[in-house]
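Residue strings, one per chain:
There are 2 protein chains.
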Amino acid sequence: MARPGGRSARVQQAVHAAVRELDTEVGRSALTIPLIAARAGVTPSTIYRRWGDIQELLSDVAVEHLRPDTGPEDLGDLTSDMRAWAEQFVEEMASEVGRAYIRDALLGDPESNNASQCSAYAADAIDVILGRAGARGETAPDVETVLDAVVAPIMYRILFRPSPLDAAYARRLVDGCLK
Amino acid sequence: MARPGGRSARVQQAVHAAVRELDTEVGRSALTIPLIAARAGVTPSTIYRRWGDIQELLSDVAVEHLRPDTGPEDLGDLTSDMRAWAEQFVEEMASEVGRAYIRDALLGDPESNNASQCSAYAADAIDVILGRAGARGETAPDVETVLDAVVAPIMYRILFRPSPLDAAYARRLVDGCLK
Numbered sequence: 001m002a003r004p005g006g007r008s009a010r011v012q013q014a015v016h017a018a019v020r021e022l023d024t025e026v027g028r029s030a031l032t033i034p035l036i037a038a039r040a041g042v043t044p045s046t047i048y049r050r051w052g053d054i055q056e057l058l059s060d061v062a063v064e065h066l067r068p069d070t071g072p073e074d075l076g077d078l079t080s081d082m083r084a085w086a087e088q089f090v091e092e093m094a095s096e097v098g099r100a101y102i103r104d105a106l107l108g109d110p111e112s113n114n115a116s117q118c119s120a121y122a123a124d125a126i127d128v129i130l131g132r133a134g135a136r137g138e139t140a141p142d143v144e145t146v147l148d149a150v151v152a153p154i155m156y157r158i159l160f161r162p163s164p165l166d167a168a169y170a171r172r173l174v175d176g177c178l179k
Numbered sequence: 001m002a003r004p005g006g007r008s009a010r011v012q013q014a015v016h017a018a019v020r021e022l023d024t025e026v027g028r029s030a031l032t033i034p035l036i037a038a039r040a041g042v043t044p045s046t047i048y049r050r051w052g053d054i055q056e057l058l059s060d061v062a063v064e065h066l067r068p069d070t071g072p073e074d075l076g077d078l079t080s081d082m083r084a085w086a087e088q089f090v091e092e093m094a095s096e097v098g099r100a101y102i103r104d105a106l107l108g109d110p111e112s113n114n115a116s117q118c119s120a121y122a123a124d125a126i127d128v129i130l131g132r133a134g135a136r137g138e139t140a141p142d143v144e145t146v147l148d149a150v151v152a153p154i155m156y157r158i159l160f161r162p163s164p165l166d167a168a169y170a171r172r173l174v175d176g177c178l179k
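Chains as they are written, first to last, in full-length UniProt numbering: chain A, 1 to 179; chain B, 1 to 179.
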């Protein structure tokens with residue numbers, strides 16, 4: 001099971017896996033570092049040394065979950081690509097699990113490194129879509145504009161404003177940005 | 001010093017004041033509920049009963065801080081009013097103190113009531129500005145559109161994306177929304 005990166009990467013992998021398993025088995029509120037350490041086969045002090053506290057560990061696990069598994073789909077034109085990406089983004093982020101991961105990512109992250117990483121995942125996907133559009137000769141806005149017009153409203157509403165988020169809302173944001 | 005609302009309101013006022021004073025004197029990381037209780041002249045159990053834990057208390061104090069002191073200025077036209085409001089909003093929220101309050105408000109708030117309250121403060125101010133514009137006969141977007149186009153990008157960048165936020169950025173968002 002060794003991965004490139006040696007012991008440090010193996011410890012991370014085992015601890016993350018233990019958090020995911022125990023989260024399902026006993027629930028978030030019952031998670032403790034001794035419990036996680038026992039499941040991962042490491043000492044509690046290994047976890048404390050590396051992560052400081054349980055919130056920082058949960059933040060790291062959350063960012064891993066929020067990392068997209070695949071790149072954005074190529075549907076042949078900018079509007080279709082951006083709509084499909086935004087619809088999927090809303091579906092994942094606004095789900096109960098997505099909301100919990102976003103909160104975890106922000107909470108245990110006083111330096112905002114994990115929050116920046118979440119934003120970088122979105123920016124990278126959008127960059128791929130806009131790069132493809134450019135290669136097709138389509139006119140496209142820049143990444144920061146799409147982050148402001150599409151990603152920011154979705155994340156703002158998830159965190160601050162109780163509102164139903166659906167595919168139609170995602171499409172409306174995309175169409176407003178590309179018009 | 002009694003306020004309408006009786007004992008409950010007096011306790012809240014004393015505890016909030018104690019948090020603000022101690023935050024300045026000893027710093028955030030040294031705050032404890034027994035310390036706050038002693039300063040406020042209440043028992044620790046009064047605080048635990050009402051707020052549950054220190055993060056919930058800090059979240060309530062943060063929302064109090066984020067409440068605007070005054071309504072938005074009337075400068076005679078929609079663009080000037082929205083620009084002035086957005087510039088001030090960026091200045092307050094993106095300051096070090098503002099960022100800390102936003103984090104506090106989100107962190108100790110599993111039910112998102114305090115986060116909703118923050119969003120309601122912004123929505124109320126925007127509503128006043130748009131209402132005035134309507135009374136002048138100006139064409140104006142609706143509140144939700146301004147939240148998406150102006151407030152959301154500012155809050156998203158504060159939380160997720162290290163980027164310098166300044167008055168020029170606020171004006172650009174407003175002009176993009178009103179064009």
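Don't read these hints as lab results, they were simulated from the structure. There's no promise every hint is true.
Where chains are identical, the list cannot tell them apart; a pair therefore holds if satisfied intra-copy or between any two copies.
Unchecked claim - Each computed EDC-like pair below joins lysine to aspartate or glutamate, with the alpha-carbon atoms no more than 20 Å apart:
1. Lys179 with Glu56
2. Lys179 with Glu92
3. Lys179 with Asp127
4. Lys179 with Glu91
5. Lys179 with Glu96
6. Lys179 with Glu144
7. Lys179 with Glu25
8. Lys179 with Asp142
9. Lys179 with Glu138
10. Lys179 with Glu111
11. Lys179 with Asp77
12. Lys179 with Glu87
13. Lys179 with Asp23
14. Lys179 with Glu21
Tell me, in ascending order, the numbers of any earlier hints that this structure violates. Failing hints, ascending: 1, 2, 4, 5, 7, 10, 13, 14.
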